[in-house]
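Q: If you're matching them up, the sequences are chains A and B in order.
The first sequence begins at 792 in this note's numbering and counts up one residue at a time.
The second sequence begins at 12 in this note's numbering and counts up one residue at a time.
Some hints could be false.
To be verified - Facing chain A, according to a computed beta carbon distance under 7 Å, are these residues of chain B, among others:
1. P51
2. E53
3. L55
4. L57
5. K60
6. E110
7. K111
8. L112
9. F114
10. T116
11. G117
To be verified - With beta-carbon atoms standing in for the labels, derived distance ranges:
12. A:L818 with B:S94: 24 to 30 Å
13. B:E80 with A:N808: 47 to 53 Å
14. B:S14 with A:Q805: 21 to 27 Å
15. A:P860 with B:P21: 24 to 30 Å
16. A:L845 with B:E80: 22 to 28 Å
17. B:E53 with A:V904: 21 to 27 Å
Said to hold, decoys possible - Which bits of chain A does chain B cover? Going by a derived footprint, with three or more residues having C-beta under 8 Å, they are:
18. 806-816
19. 836-849
I should point out that these hints are in silico values taken from the structure, not numbers from a laboratory.
Predicted model only: the values in this text are computed from it and were never measured.
Note that beta-carbon positions come from the ideal geometry of N, C-alpha and C, so glycine has one too.
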Amino acid sequence: DTAVSQTPKYLVTQMGNDKSIKCEQNLGHDTMYWYKQDSKKFLKIMFSYNNKELIINETVPNRFSPKSPDKAHLNLHINSLELGDSAVYFCASSQRQFLDGYTFGSGTRLTVV
Amino acid sequence: GDSVTQMEGPVTLSEEAFLTINCTYTATGYPSLFWYVQYPGEGLQLLLKATKADDKGSNKGFEATYRKETTSFHLEKGSVQVSDSAVYFCALMFDFGNEKLTFGTGTRLTIIP
């Protein structure tokens, strides 16, 4: 069983479209994250949810909207996609009081054309 | 703000060579420190960690020691293999209340046979 699973793995779409990426973790963790990795491999946090509550919201365009229906799921919806949104998006999870770092999903490569 | 600085890549070594990837951090306080590895086409995996000064993290022949006096967490391996070719990320995280992982820019390592 995959600990943190993201779907889809690849997503190619046209500018202006709306798309969603889904993430699920089966580790029983209480905190989930979305990170964006650009073409130079730089990783930047976008959002963090703890038990369905938003706790980190970095400077991200409001076209990006996370949704956490329960603590095992954190989805990312993107409206009006732009060329600059092309990147790899990683979901991750952790148990808040343990300083074990994160468990990452395998990523979703989004290409906007 | 908190930040992590890694040595610029790419780094190319011959098999069985000694590896050092430098990492220093800037932070108010004493964060936990991590090394993550990203193999081609995959997500990030935790390689090792250290939570307090003078702790040594180790895994798969890799080691790193938390040096408070030099604010460093350099990654070392005595004899690298072709399978170690990947991108390595240094990261920091503070204690409970702010679990954001702040990453360095990553260092691409290529090992040639």
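Q: For a quick check of understanding: which of the numbered hints are violated here, in increasing order?
A: Hints 1, 14, 15, 16 and 18 not satisfied by this model.
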